[in-house]
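Read off the chains here:
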Amino acid sequence: MPHHHRPISSSHPMCGALVLLLICAVANPAHAHTEAGVAGGLSSGFLHPMLGLDHLVAMVAVGLWGAQLGKPAIWLLPITFPMVMAAGGVMGLAGLPLPAIETGIALSALILGLMVLFSLRPPLEIAALLVGCFAVFHGHAHGTELPAAANPLAYGVGFVISTGLLHLVGIVLGTLTRWPAGTRAIRGLGGMIAALGVYFSAASLGWM
Amino acid sequence: MKRWLLLFCLLTPQWAHAHLVSTRFGEYYAGLLHPVITLSHLIPWLALALVAGLQNTASARTALPLFPLAVLAGAALGSTLPAQQWIAVINLISFLVLGGLVLAARPLPPRFFIALVMATGLSHGYANGMPELFGQGLVLYLAGVTCAAYLLVSILTAASHQLITQRSWGIIAVRAGGSWIAAIGFLYLAFTLFVTGAAGS
Numbered sequence: 001m002p003h004h005h006r007p008i009s010s011s012h013p014m015c016g017a018l019v020l021l022l023i024c025a026v027a028n029p030a031h032a033h034t035e036a037g038v039a040g041g042l043s044s045g046f047l048h049p050m051l052g053l054d055h056l057v058a059m060v061a062v063g064l065w066g067a068q069l070g071k072p073a074i075w076l077l078p079i080t081f082p083m084v085m086a087a088g089g090v091m092g093l094a095g096l097p098l099p100a101i102e103t104g105i106a107l108s109a110l111i112l113g114l115m116v117l118f119s120l121r122p123p124l125e126i127a128a129l130l131v132g133c134f135a136v137f138h139g140h141a142h143g144t145e146l147p148a149a150a151n152p153l154a155y156g157v158g159f160v161i162s163t164g165l166l167h168l169v170g171i172v173l174g175t176l177t178r179w180p181a182g183t184r185a186i187r188g189l190g191g192m193i194a195a196l197g198v199y200f201s202a203a204s205l206g207w208m
Numbered sequence: 001m002k003r004w005l006l007l008f009c010l011l012t013p014q015w016a017h018a019h020l021v022s023t024r025f026g027e028y029y030a031g032l033l034h035p036v037i038t039l040s041h042l043i044p045w046l047a048l049a050l051v052a053g054l055q056n057t058a059s060a061r062t063a064l065p066l067f068p069l070a071v072l073a074g075a076a077l078g079s080t081l082p083a084q085q086w087i088a089v090i091n092l093i094s095f096l097v098l099g100g101l102v103l104a105a106r107p108l109p110p111r112f113f114i115a116l117v118m119a120t121g122l123s124h125g126y127a128n129g130m131p132e133l134f135g136q137g138l139v140l141y142l143a144g145v146t147c148a149a150y151l152l153v154s155i156l157t158a159a160s161h162q163l164i165t166q167r168s169w170g171i172i173a174v175r176a177g178g179s180w181i182a183a184i185g186f187l188y189l190a191f192t193l194f195v196t197g198a199a200g201s
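Chains as they are written, first to last, in our numbering: chain A, 1 to 208; chain B, 1 to 201.
Just chain B, same shape as in the assembly (with noise of 0.2 Å):
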């Protein structure tokens, strides 16, 4: 009887539907992994986050909201306007700037912070711009780089805020953190104008 009853259920199978990508929620989380898997964005994002946790706790409560709202308006124009080439330049550009200030471990005046994050949030943010979508499918896209941009950075910005106040050493290992994240700025726009001859993607 079970051996019947196997085969049926063998010749009766249907779709699991398992995988929400066919269920039209899949640009969700594209927008969600796109800048998580992309170095190019993660880096920079993890060097804002290290910026922001070394401002004090007002300046940063104030700034990092913007920062998801600043990746939506740029990937939003992003996803409309042509690709800028210049726009990957900028942020290459970004590796050194923000790896820099975490070397300098100095705080930022908050108005300086703030034009900081919204024009990493930008730039970043066009950089992360889907031309190829369009109607419920960009607003779920865009829906996942802003959540992804919101959880990075607060997530990353908690944490070292919480290492560089808790741990003696935690300063030190976040001042290596941003001489890491320069020294691989300076190395990849090194390597796009010498080699590639053009930002890359």
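Chain A with its partners taken away, still in its complex shape (with noise of 0.2 Å):
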């Protein structure tokens, strides 16, 4: 008995599942929430230290640091860090210029990386007011944003929350240190925020 195929029209079943695959598979994003209102504000603030690396490693670092020197730096660096932020993102907003924002940026990954690559413990003074001077050229550069939110207090929020977060995160790897194998560990990634930046530093200069 001869076998009959029959042809692959538009309505097979078969042809409709691909087009449907073939749309699914090219899909784009709609972007069709815009950032707008206490949302728009939270997120775009939330997303700033985030998405910003040079920001994202020395907060890290803040707390790898904070975890190496132990108590009461463990707690005091964290909890310290968010006020003079602010101030320096007054600064910002009260349109008082900090030279080489980027730089004291990038430095501040630079100088912390090496803090945790080489487990410096200067005392507790030295630690805060070196903490302190970059977290002024951290808040300086998020509050010059700031008005350009879309919500200004939400934008606020979202920034001081994700940097607490950062450090949060920095103070839990560095209970890795409790372990030879974890402290070795630890100083590795101080190395390699130290690396950044470098690069961050050169790149603000221009170098790169």
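Since the hints were derived computationally from the structure, they do not count as laboratory data.
Check each hint, because a few of them may be wrong.
[Stated by the list, open to error] Under the rule of at most 25 Å between Cα atoms (straight-line distance), these lysine to any residue pairs were calculated in the SDA-like manner:
# : chain 1 : residue 1 : chain 2 : residue 2
1 : A       : Lys71     : B       : Gly100
2 : A       : Lys71     : B       : Arg167
3 : A       : Lys71     : B       : Ile164
4 : A       : Lys71     : A       : Leu130
5 : A       : Lys71     : B       : Pro107
[To be verified] Quick partial rundown of chain B residues pointing at chain A, CB under 8 Å, derived from the structure:
#  : residue
6  : Leu39
7  : Ser40
8  : Ala182
9  : Ala190
10 : Phe191
11 : Phe194
Cβ coordinates follow ideal geometry from the N, Cα and C atoms, glycine included.
Using the hints, build the complex out of the two chains.
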């Protein structure tokens, strides 16, 4: 008995499924929701430190270094940082210029990365002063962007929470220092942050 | 038969009235939600609850029932008197004061704590006032704001007290929260003064 093959027509169920698959595969984000109101301000503020790699690694380094230094630095540095960062933000809002902001932020990643790499333990006052100086640069950068936010209060809430959570990530990772292998891993992470700091510094000075 | 029944149902729809807004109970929910979804009220109220959680139980129990009453009085005044711009500035300063007190994590003298609770309740209540409402709508709205004040601060105080007393890291987390709140207030106050040139809503 001869076997007949039916040609695949456009009405074939398989054809419809293939078209649907093709449409799904080439889908693009709609961006139907504009960044507006509280949600827009909150998301843009929250993502600002996360999406800027220079901010991100410096914040994590603060937590890592605090964990290396132990009590009271482990909680004192992350508690002090938001207040000093806000002071930097106020400078930005008030229009007070701060020279070499990008270089200052890049140097924060470099110096804090080196502190973690070599597990340096200066007196608490020196550590707080160092972290505080860098917090001013980070705060200034955030503060100058605040007026343009969809909702400035929500933007401030977002970036302060985001910064605090990045510190927490550093502190949690820093608990690995309880074990010898973990100590080496954290120092290695510090080295990576310092290397990124070198790159950011060179880029901010226009060398790359 | 089923098709005819379906067609009949579709042709004879009635209003569902599923949402209480349409039954004049909407003002209650408007009052309940207003401070909860407004960051400029929600954050200081959270800070007040954290301050209360840092006090001894007797002091917190004495002062906390006063907060919803102060909010009610403030909201009633705010609904009848004209809006005052300085109230918004005081509410912004409350971020700094309450956040700073959480950061300091020190027990306060009971009388000072009661005065702080009353002042916070009155000023934030005033800002929650709704001059457009009157009569039953205003009563429902004020009831909603008062319930929100009671529920929010009581629940958050209990949670913070539990965190501080039951977890070794609880006090650090609360102090970090205070630092965040003070930092947010500092930034927003500066924005209000330097950028908008006046106290925002």
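Inset, instruction - Could you work out which earlier hints the structure fails to respect and list their numbers in ascending sequence? - result: none
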